[in-house]
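Enquirer: Each chain, written out:
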Amino acid sequence: MANKTYYFKNVMTSRGVGSTYDGRITPVFNYLDVVTQTYPNAVTAENFAARLQTYIRSVNASYTANNVLLASSVCSDDVNGPIFPNKNNLGQMPLSLNAFLGPFMAGGLDGYPHTGTTGLLAYASHITSGTGGALLIYVAPHIGITKDGQVGYMRRRGQNYNDLSATCGAAAAAAGWIRTNGVGGPAPVFPGTGLLANPADYQFYTLVKAIYDNVGARTAICATANFGEQMVLATEAIRSAAYNIITSPVGGTSTFKLAYDNAFGQSTPDVFLTTGTFINVDDGYKAYADVANFLKYNPTTGLFDDYTTQFKQELYPD
Amino acid sequence: MAISQTSYTSIVTAASAYPGAILVENFGNHCKTFIQTLCGYTADNVLRADSICSDDVNGPAYYNGNIGQMPASFNDFQGPFFAGGIGGFPFTGSIGMFAWASHVQYVTDGALLLFSAPHIGITSTGRLGHMVRRGQSTDSNTCGAVGVAVLRNTNTALSGVPPLSSDPFPFAEGGTATNAGSGNNYQQYILNKILWDDTTTRRSLTASNVTFENKMKLATESIRRATYTQAKSNLSAAFVTINPSLSDLVKDVFVVNGTFINVDDGYQAYIQINSFELYKTKTNTFVTYTTPFTALF
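Chain order of the listed sequences is A and B. Residues in the first sequence are numbered consecutively from 1, following this note's numbering. Residues in the second sequence are numbered consecutively from 1, following this note's numbering.
It cannot be assumed that every hint is accurate.
Said to hold, decoys possible - Not everything, but these chain A residues come out facing chain B in the computed CB check (under 8 Å): (1) Thr38; (2) Asn66; (3) Ala99; (4) Pro103; (5) Leu109; (6) His126; (7) Thr128; (8) Gly133; (9) Gly169; (10) Ala173; (11) Pro191; (12) Thr193; (13) Gly194.
Treat the hints as calculated values from the structure; they're not laboratory data. Note that this is a predicted model, so its numbers are computed, not measured. The beta carbon of each residue, even a glycine, is placed where N, CA and C say it ideally should be.
Make a model of the complete structure from these sequences and hints.
Expert: Here it is as structure tokens:
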């Protein structure tokens, strides 16, 4: 990493150390090198959303970002708030994503689509139908990676440098619950005991259950003492569960098919879905995204068709 | 035909609607001023959480002419942490509050602001419970999830029995064997249950002479009260039950509650404020500042 000739790549934007250019090509720290050790295909979140814009518009020229309504099933965490021009907000959602309309906040703790079928139905019915608009759903739990490569953590604004913040905290607590109970332990009960005792915490229960129901993830989380590995496994289990609850038919329909059919009847507007992992970074840097898939809804089959390969063709890391 | 924002104000503040409503932009500015005057916190040192509805019309005001009707003045606060869900109920629970509170900027002695508000639309023709959205020409039931909860509690076949998570879609996600879905509609069930448990409101909803528009107002108010109570309960649980040492990081949490009033696309939204309080984390007490805060309006 230290010998690469990158410079001025994702240097701190507002706080802390920067880089001093002395006329030579100077090896400068690049956050991407750290992130790709865990997520080899990660790209800057800014590039990811810019690619969303170009791809969707290539499908139909009328699908400019201001004619596409975004549903964002990301974690509630304030570091997933928007980047505002001329504001020094701590949110890391890229400007290129903010170009879309909305968003409808379909998520909750760790980006699971907690707002359910009613949420997606309401969102779909808000489409800019009069101007031939489309829908875009972004589903992504999140994980922090510090600039020195500590996975599952980030450094937050206004907090001590050595006080690393577990991110996503809810995923960390859910993985902790799984480990405490062991791979062969009882299924989570709601309401139950400990962090599952409060009837207000159904979202947390949903995350615990998502991991518990994924036997492979549960086994692996219990098998490793490495916190970063636990967090990567938990995050992927939650992403996978989120993807399945939206797209996979159960009893003849999926959450999304039920919403779509009730929202549109005979009309068949285009719906794009992308899932992945949002990668938060230490405050002052720009976030990254790992793209798991990019799909388009097929109203005939009620399933999502996969366009991931085409989408990634012009998706650049930084 | 378009009306002026002033005329819209007259419609929103009518006695039959929300007489105490003000523009949300002014509300956001008042929050900044009041918090700084009361305790000295600048907005960029205050981390906000919004327990509001997921609806895209509650998105942020962006430079690019977004459909979101949240005030631009809110963008001076940090965040936000999204503590809500459909109907604005604080669905992220006590664990959400704990996570949010632990993100405070304690090095600079920062504070927290918890904003909770369900929403209701009012069209430029004065129709309660509706708004006209961008790219659409017909009235859109707003909040749609509250509308579904009203229908669940006034449904002839179901109104005599308490809501269940297995109620047929759209009330929850049960239904027939061929239309069972994936069982993912818990939040709607909770909204249905809030109205059911509020027997006074439920009686009013099922009265024969109440219009759907007025039912929307009654239901929104019921959900606002439940949101107010639950948001404070979640906050208190984070500091008292989950981790009392949180109060070493942050001493002040401003807690404001009301009804967010969405308007037809292109106009500025309104809000009616019910309470402004200061939660003192060390003593787990809420101090009311509603009167001095609303005196700014």
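Enquirer: Next step is simple, just say for each hint if it's right about the structure.
Expert: Consistency of the hints with the structure:
no. : hint   : in the structure
1   : Thr38  : 22 Å, violated
2   : Asn66  : 7 Å, holds
3   : Ala99  : 6 Å, holds
4   : Pro103 : 6 Å, holds
5   : Leu109 : 6 Å, holds
6   : His126 : 6 Å, holds
7   : Thr128 : 3 Å, holds
8   : Gly133 : 6 Å, holds
9   : Gly169 : 5 Å, holds
10  : Ala173 : 7 Å, holds
11  : Pro191 : 11 Å, violated
12  : Thr193 : 13 Å, violated
13  : Gly194 : 10 Å, violated
Of the numbered hints given earlier, the model fails hints 1, 11, 12 and 13; all others are met.
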